[in-house]
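Participant: What follows is each chain in one-letter form.
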Amino acid sequence: MIKSPNADIRITATSLVSCLGAGRAAHLGAMIDGRSGLAPCDYGDLAFSCHIGRVAGLEDLTFPVTHTAFDNRATRLALAGLEVDGFADAVQTMRARWGAARCGVVLGTSTSGVELLEQAYRSRPADQPLPSGYSLRHHNDHQAVTAFLQDLLGLEGPSYTISTACSSSAKAIVDAVQLVRAGVCDAVLAGGVDSLCLTSLNGFEALQLVSRQPCRPCDAARDGLSIGEGAAFLIVERAEDGASLAGMGESSDGINMSTPPEDGAGAAQAMRAALADAGLQPSDIGYVNLHGTATPINDTAEAAAVSAVMGDEVPVSSLKGAIGHTLGAAGALEAVMCLHAMEEGIVPGNIGLETLDPQIQCRILARMEHAPIRHAITNAFGFGGNNCALLLSRS
Amino acid sequence: MRFTAYIDALGFAAPGIADFGALGKRLQGGIWAAEPWEPAPGCLAPRQAKRLSPAIRLALLVGEAVGPALGEDAAWVFASSVGEGETLNVILSALCEPDMMIQPLRFQNAVHNAAAGQWSIAAGIKGPMTSIAAYDQTFGAGLLKALLQARLEDRPVGLVLYDAPIPVPLDEKRPLGVPMGAALALSPRQGASSRAVLKVEVTTGDATEPRSEAAKALSATGNPVAAVLPLYEVIASRMSGSVMIAQHGGAALRCEVECL
Chain C
1 MIKSPNADIR ITATSLVSCL GAGRAAHLGA MIDGRSGLAP CDYGDLAFSC
51 HIGRVAGLED LTFPVTHTAF DNRATRLALA GLEVDGFADA VQTMRARWGA
101 ARCGVVLGTS TSGVELLEQA YRSRPADQPL PSGYSLRHHN DHQAVTAFLQ
151 DLLGLEGPSY TISTACSSSA KAIVDAVQLV RAGVCDAVLA GGVDSLCLTS
201 LNGFEALQLV SRQPCRPCDA ARDGLSIGEG AAFLIVERAE DGASLAGMGE
251 SSDGINMSTP PEDGAGAAQA MRAALADAGL QPSDIGYVNL HGTATPINDT
301 AEAAAVSAVM GDEVPVSSLK GAIGHTLGAA GALEAVMCLH AMEEGIVPGN
351 IGLETLDPQI QCRILARMEH APIRHAITNA FGFGGNNCAL LLSRS
Chain U
1001 MRFTAYIDAL GFAAPGIADF GALGKRLQGG IWAAEPWEPA PGCLAPRQAK
1051 RLSPAIRLAL LVGEAVGPAL GEDAAWVFAS SVGEGETLNV ILSALCEPDM
1101 MIQPLRFQNA VHNAAAGQWS IAAGIKGPMT SIAAYDQTFG AGLLKALLQA
1151 RLEDRPVGLV LYDAPIPVPL DEKRPLGVPM GAALALSPRQ GASSRAVLKV
1201 EVTTGDATEP RSEAAKALSA TGNPVAAVLP LYEVIASRMS GSVMIAQHGG
1251 AALRCEVECL
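Same order as they appear, the protein sequences are chains C and U.
Take 1 as the starting number for the first sequence in my numbering and just add one per residue.
Take 1001 as the starting number for the second sequence in my numbering and just add one per residue.
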């Protein structure tokens, strides 16, 4: 068997926050119970009804007084993510072990802190300048959340932001592994953050892709997505123990900004590349976590790709029915949920599924099952036809 | 640790400067001043171009300069600090109206990787594409990512760097002066068309400042794409030199450049 070139690069700590709560226990509990965190929308003054995956309590977090310049909903999500599962301590251990200059930061986000800029626009009299105190650099800039974490945690290695819409933070994990593999960094804080905002909610509504109900991935009656928010972080470093990103695959559809080809050719290419990178066969994979947004076209295209590459035996599900589509955070958040499920010996179910779409041939798990999973693939696809498949291996 | 990569083609575009050749003349004793300019890539029909933002048109224009030097197996890295500033303003303005109606085409082209996506469609690219940002150190981040892919994935990489000014009222919060774009075709191996070799180390230290009058004037616009100019000055001189390129957070890439 070919040894993955990433075998000695491990994921040594993780954290996550979503509408299911903060940390490993909240997410594992929900996956075991088959619980969704989606609820009727109580965010913004939308002209339509929908369900959202909102993180509770962000408004009440104590923001560090040293970094109030960065205070917005996205950085609050990041902060909420840092504070669980001992992650902040793990970051300090990483920094002490390798030295600040050897520790990089790569995050994925699609909208960064645009939520605060929306408020600034809406509260300003027409044709007036933005408030003098508003800093684009600290809020809406794509690097804002990454810069906040780099500064807050005192990490001095290379840092940047990947922003490829809904594949952003899956690709941030790819970069973290590449930075360590190439020897640029000894450790990288990787992850993703995206907050609820009027731009995403109204934008997906304009594309007629928002469901009026909690989203139902892979269901015959699915009619769109539910938008969520969240943050997830991983420490990627050279270590002997821990899960690993055994393979990664990236591709572009190259045909349309928001709609994949019916056969999911780009998705299939990404999954094949991830298998090849890991030196594994489809039969080695115990679970496929779909991008599974619950829009009519996306789910059938992705399922067709899974059937073509993986066959129809492997258990498959989408986590979007539980946490919604967390956009740029989805790749990292769902990767961390997969790692927890693998560690616990469960395969998560596909929340919201009642009647399977007859066009979907692969084995969608409606309910959670107990099974040892050694290797899993998690998919993240974004606007621009941007596809990323991560192949995760348990320690 | 060290990266070696070959530069097989270079692109540049700014008001009054059509390509890298024209830039090279300015860098060797010329001057530069801003003038009105609309980037118009050849791969878009005029009607199609009208539907896309100035940032996307700019990115496609410089992408075209290096595309022919890259094979089908190339990966692409699109690096922009601001990304889709014009579209952001259109959407935020729509959110100020009671119905908050956003145009669907505007929304799907609002993402930071809109230019990368449009380039993949225009050029029929099926391989990896990344879209990256790191404030004023966006060139350093894009170059680092391109070097990682060239080495670890053993493939050529197209690096496209672009930033276009944002409209009022955002412009005063991030003044970019003029649209500016640059592109590099990088390869892990020397080829017949290789123009320079880069040997790159990750270190710390101050970024190299531009030396020529034209590069100083382009840098004074505030557009972070100008961070490419110290490297371009060495290549335009057809000599060898060392250039420091900043990373966000204090690190830097030391690039030893040798023209071939």
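Think of the hints as simulated: they come from the structure by calculation, not from any bench.
Even for Gly, the Cβ is constructed at its ideal location relative to N, Cα and C.
Check each hint, because a few of them may be wrong.
[Said to hold, decoys possible] Each computed SDA-like pair below joins lysine to any residue, with the alpha-carbon atoms no more than 25 Å apart:
#1 U:K1173 - C:G133
#2 U:K1050 - C:A206
#3 U:K1199 - C:R181
#4 U:K1126 - C:I297
[To be verified] Chain U side only, calculated, beta carbon under 10 Å to chain C, not exhaustive:
#5 Q1028
#6 G1029
#7 I1091
#8 Q1118
#9 L1147
Participant: Evaluate each hint against the coordinates.
Facilitator: Taking the hints in turn, this is what the structure says about them:
1. U:K1173 - C:G133: Roughly 10 Å separates the two Cα atoms, so the pair holds.
2. U:K1050 - C:A206: Holds, because 21 Å separates the two Cα atoms, which is no more than 25 Å.
3. U:K1199 - C:R181: 18 Å, holds
4. U:K1126 - C:I297: Cα-Cα ~20 Å, so holds.
5. Q1028: 32 Å, violated
6. G1029: Cβ of G1029 of chain U sits 35 Å from chain C, so the hint is violated.
7. I1091: I1091 of chain U check passes; min Cβ-Cβ to chain C is 6 Å, inside 10 Å.
8. Q1118: 7 Å, holds
9. L1147: 8 Å, holds
Hints 5 and 6 from the list above are not met by this structure, while the remaining hints are.
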